[in-house]
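Asks: In order, the protein sequences belong to chains C and X.
Going by my numbering, the residue at position 173 of the first sequence is 173; the numbering climbs one at a time, nothing skipped.
Going by my numbering, the residue at position 23 of the second sequence is 23; the numbering climbs one at a time, nothing skipped.
Rather than coming from a laboratory, the hints here were simulated on the basis of the structure.
C-beta: ideal position from N, C-alpha, C; glycine also.
Mixed in with the good hints, there may be bad ones.
What the hints assert, rightly or not - Here are the computed lysine-lysine pairs in the DSSO-like style, where the Cα-Cα straight-line distance is at most 30 angstroms:
{"id": "1", "chain 1": "C", "residue 1": "Lys116", "chain 2": "X", "residue 2": "Lys153"}
{"id": "2", "chain 1": "X", "residue 1": "Lys69", "chain 2": "C", "residue 2": "Lys4"}
{"id": "3", "chain 1": "X", "residue 1": "Lys153", "chain 2": "C", "residue 2": "Lys69"}
{"id": "4", "chain 1": "C", "residue 1": "Lys23", "chain 2": "C", "residue 2": "Lys4"}
{"id": "5", "chain 1": "X", "residue 1": "Lys48", "chain 2": "X", "residue 2": "Lys60"}
{"id": "6", "chain 1": "X", "residue 1": "Lys58", "chain 2": "C", "residue 2": "Lys2"}
{"id": "7", "chain 1": "X", "residue 1": "Lys232", "chain 2": "X", "residue 2": "Lys23"}
{"id": "8", "chain 1": "X", "residue 1": "Lys116", "chain 2": "C", "residue 2": "Lys2"}
{"id": "9", "chain 1": "C", "residue 1": "Lys232", "chain 2": "C", "residue 2": "Lys24"}
To be verified - What follows is a set of in silico ranges between Cβ atoms, one per label pair, in the way DEER data are often shown:
{"id": "10", "chain 1": "C", "residue 1": "Asp54", "chain 2": "X", "residue 2": "Met216", "range": "53 to 59 angstroms"}
{"id": "11", "chain 1": "X", "residue 1": "Gly221", "chain 2": "C", "residue 2": "Asp135", "range": "39 to 45 angstroms"}
{"id": "12", "chain 1": "C", "residue 1": "Met1", "chain 2": "X", "residue 2": "Leu106", "range": "14 to 20 angstroms"}
{"id": "13", "chain 1": "C", "residue 1": "Ala225", "chain 2": "X", "residue 2": "Pro39", "range": "54 to 60 angstroms"}
{"id": "14", "chain 1": "X", "residue 1": "Glu152", "chain 2": "C", "residue 2": "Ile96", "range": "26 to 32 angstroms"}
{"id": "15", "chain 1": "X", "residue 1": "Asn208", "chain 2": "C", "residue 2": "Gly217", "range": "42 to 48 angstroms"}
{"id": "16", "chain 1": "X", "residue 1": "Asn92", "chain 2": "C", "residue 2": "Thr197", "range": "42 to 48 angstroms"}
{"id": "17", "chain 1": "X", "residue 1": "Glu152", "chain 2": "C", "residue 2": "Glu226", "range": "42 to 48 angstroms"}
{"id": "18", "chain 1": "C", "residue 1": "Leu195", "chain 2": "X", "residue 2": "Glu194", "range": "55 to 61 angstroms"}
{"id": "19", "chain 1": "C", "residue 1": "Lys69", "chain 2": "X", "residue 2": "Asn208", "range": "24 to 30 angstroms"}
{"id": "20", "chain 1": "C", "residue 1": "Thr97", "chain 2": "X", "residue 2": "Pro39", "range": "35 to 41 angstroms"}
{"id": "21", "chain 1": "C", "residue 1": "Lys69", "chain 2": "X", "residue 2": "Glu210", "range": "25 to 31 angstroms"}
{"id": "22", "chain 1": "X", "residue 1": "Ala219", "chain 2": "C", "residue 2": "Glu226", "range": "55 to 61 angstroms"}
2 protein chains.
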Amino acid sequence: MKYKAFHKLSYGLYVIATEFEGKKAGYIGNTAFQVTSSPAQIAISCHKENATIDGILKSKTFSISVLKKESETSLIGEFGFMSSNDIDKFRNIETITAQSGAPIVLNSSIAWFDCKVVNSVDTGSHILIIGEVLDSDIISEDEPLTYDYYREKYKMLAPKNAPTYVESEKLKKEVISENKVQEEPVSKVEAKSELSTHTCTICGFQYNEEEGDPSMGIAPGTPFAELPEDYKCPICNAGKDYFTEG
Amino acid sequence: MKYKAFHKLSYGLYVIATEFEGKKAGYIGNTAFQVTSSPAQIAISCHKENATIDGILKSKTFSISVLKKESETSLIGEFGFMSSNDIDKFRNIETITAQSGAPIVLNSSIAWFDCKVVNSVDTGSHILIIGEVLDSDIISEDEPLTYDYYREKYKMLAPKNAPTYVESEKLKKEVISENKVQEEPVSKVEAKSELSTHTCTICGFQYNEEEGDPSMGIAPGTPFAELPEDYKCPICNAGKDYFTEG
Numbered sequence: 001m002k003y004k005a006f007h008k009l010s011y012g013l014y015v016i017a018t019e020f021e022g023k024k025a026g027y028i029g030n031t032a033f034q035v036t037s038s039p040a041q042i043a044i045s046c047h048k049e050n051a052t053i054d055g056i057l058k059s060k061t062f063s064i065s066v067l068k069k070e071s072e073t074s075l076i077g078e079f080g081f082m083s084s085n086d087i088d089k090f091r092n093i094e095t096i097t098a099q100s101g102a103p104i105v106l107n108s109s110i111a112w113f114d115c116k117v118v119n120s121v122d123t124g125s126h127i128l129i130i131g132e133v134l135d136s137d138i139i140s141e142d143e144p145l146t147y148d149y150y151r152e153k154y155k156m157l158a159p160k161n162a163p164t165y166v167e168s169e170k171l172k173k174e175v176i177s178e179n180k181v182q183e184e185p186v187s188k189v190e191a192k193s194e195l196s197t198h199t200c201t202i203c204g205f206q207y208n209e210e211e212g213d214p215s216m217g218i219a220p221g222t223p224f225a226e227l228p229e230d231y232k233c234p235i236c237n238a239g240k241d242y243f244t245e246g
Numbered sequence: 001m002k003y004k005a006f007h008k009l010s011y012g013l014y015v016i017a018t019e020f021e022g023k024k025a026g027y028i029g030n031t032a033f034q035v036t037s038s039p040a041q042i043a044i045s046c047h048k049e050n051a052t053i054d055g056i057l058k059s060k061t062f063s064i065s066v067l068k069k070e071s072e073t074s075l076i077g078e079f080g081f082m083s084s085n086d087i088d089k090f091r092n093i094e095t096i097t098a099q100s101g102a103p104i105v106l107n108s109s110i111a112w113f114d115c116k117v118v119n120s121v122d123t124g125s126h127i128l129i130i131g132e133v134l135d136s137d138i139i140s141e142d143e144p145l146t147y148d149y150y151r152e153k154y155k156m157l158a159p160k161n162a163p164t165y166v167e168s169e170k171l172k173k174e175v176i177s178e179n180k181v182q183e184e185p186v187s188k189v190e191a192k193s194e195l196s197t198h199t200c201t202i203c204g205f206q207y208n209e210e211e212g213d214p215s216m217g218i219a220p221g222t223p224f225a226e227l228p229e230d231y232k233c234p235i236c237n238a239g240k241d242y243f244t245e246g
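Given only the sequences and the hints, what does the whole structure look like? Please build it.
Replies: Written as structure tokens, this is what we have:
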């Protein structure tokens, strides 16, 4: 089994949102795909521990907002890596109410779908939910955000609840094993660069000293130790203490 | 409902293949999505009239080959627009046999998955099939083919059996209605260009006179009427007679 093969599957990134008894909930997922055309139905895969699933199954509705290529990092951080049980993700978010009653997130979105749950399948850790599309619209002609672009830009792992989550240890083993095949000791490869990488333990974002963090005004070549004390992860807002080297 | 919103969902393109009682079958689909990570499971959506579904449900196995960005057009034409009941799609195809027994298509592929069917859901016109991944590998580091790139390159509609198929009339109505909003009569827009487009009625490929068909050695600006008599659709090999203007 080659776990990196899973990275060759193509996905977009979407905000899935719902509302039940006045409580809004939402998360960012990469699994939203059309399963039939007539009637139009879309399937999503949602982790059972995700706070949003409860609202979706009870309200029998959800909305899908298609994220644009350059989406707000705070939106990705909060909807992708935090729980609707812990914070009100919608406090600074612009929404409209769909025909079904679900809130539709407009920030960083280029199109949306309003869905009514028609079926659900227990797949183990996740529930596959099939929704009939009641309505849809296009907000802008910006390019959609693809999972591939997101992974490349933020050097990130999937959150633990994502269907595409692969334990970093499994990926590391593959990389080490590949290096062995090339008969180049891993220690030698690592020794080539004096600049290192620091990983956010909350969301997996990697601060690469060579690249810096231009989105936060940090110049390429800035060592992690020299980052301002109030530096925060551009994805999930975690402080420097949450980063580990490597 | 805005049908063009469905074009904002991101997909890759895959060859799904199977074998039952010595008969190989396969098709090209855009729906292959990881639905859980542990165990790794992938869902596909297959039209009930697709010849491959019978083999998948009987053998309880299928393979997924991830197509590369510049894939062979004959492979897309045969696996995407023809039926395994009518032709032997595998006659010129290089395959290996997966652990499950399914054939894995290697042509134009960058990675593959070998899957065992663990569940299936009737969604109306299609069946959603969930497979547990038994094995996977990477063949090359080429970029994957995305549905977006494919649509842009070939100016194509989805085949009739695809979950993403939208009747061209529905899309046309949206375009006409958008032009009306801009208060620019459609006839006026069309009159601006003397060069027209001809559409393959088999697969939906559009021959645009302005662009020509460089893949077949046809220069930009070549009117359809002046194409060689043996010109064939670069996707599905249909002859000129199968094209209609518009």
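Asks: So, for every hint listed, does it hold in this structure?
Replies: Verification of the supplied hints:
For the hint pairing Lys116/C with Lys153/X, the CA-to-CA distance comes to about 34 angstroms; that exceeds 30 angstroms, so the pair is violated. Proximity of Lys69/X to Lys4/C is assessed by CA-CA distance (about 18 angstroms); at most 30 angstroms being required, the pair is judged to hold. Pair hint Lys153/X plus Lys69/C holds up; C-alpha atoms about 20 angstroms apart against a cutoff of 30 angstroms. Only pairs whose Cα atoms come within 30 angstroms are accepted, and Lys23/C paired with Lys4/C is rejected, the gap being roughly 38 angstroms.
For a cut-off of 30 angstroms, the pair hint linking Lys48/X to Lys60/X stands: about 16 angstroms separates their Cα positions. Taking the CA atoms of Lys58/X and Lys2/C, the gap is about 27 angstroms. The hint holds against a cut of 30 angstroms. A distance of roughly 29 angstroms separates the Cα atoms of Lys232/X and Lys23/X; the hinted pair therefore holds under the 30 angstroms criterion. Taking the CA atoms of Lys116/X and Lys2/C, the gap is about 17 angstroms. The hint holds against a cut of 30 angstroms.
Proximity of Lys232/C to Lys24/C is assessed by CA-CA distance (about 27 angstroms); at most 30 angstroms being required, the pair is judged to hold. Checked against the hint of 53 to 59 angstroms, the pair Asp54/C and Met216/X passes, with Cβ atoms roughly 55 angstroms apart. Between Gly221/X and Asp135/C the beta carbon distance is about 42 angstroms. The supplied range of 39 to 45 angstroms therefore holds. Judged by the Cβ atoms, the range 14 to 20 angstroms given for Met1/C and Leu106/X holds: they are separated by roughly 18 angstroms.
Range check, Ala225/C to Pro39/X: about 41 angstroms between beta-carbon atoms, so the 54 to 60 angstroms window is missed. The hinted range of 26 to 32 angstroms is satisfied by Glu152/X and Ile96/C, whose Cβ atoms lie roughly 30 angstroms apart. The given range of 42 to 48 angstroms is respected by Asn208/X and Gly217/C, whose C-beta atoms sit roughly 46 angstroms from each other. Checked against the hint of 42 to 48 angstroms, the pair Asn92/X and Thr197/C passes, with Cβ atoms roughly 46 angstroms apart.
Restraint check, Glu152/X to Glu226/C: a C-beta distance of roughly 44 angstroms satisfies the suggested window 42 to 48 angstroms. The hinted window of 55 to 61 angstroms between Leu195/C and Glu194/X holds, with their beta carbons roughly 58 angstroms apart. Judged by the Cβ atoms, the range 24 to 30 angstroms given for Lys69/C and Asn208/X holds: they are separated by roughly 27 angstroms. In this structure the supplied range 35 to 41 angstroms holds for Thr97/C paired with Pro39/X, their Cβ-Cβ distance being about 38 angstroms.
A hinted range of 25 to 31 angstroms for the beta carbons of Lys69/C and Glu210/X is consistent with their spacing of about 28 angstroms. A hinted range of 55 to 61 angstroms holds for the C-beta pair Ala219/X and Glu226/C, which are about 58 angstroms apart.
The structure fails to meet hints 1, 4, 13 from the earlier list, while all remaining hints are met.
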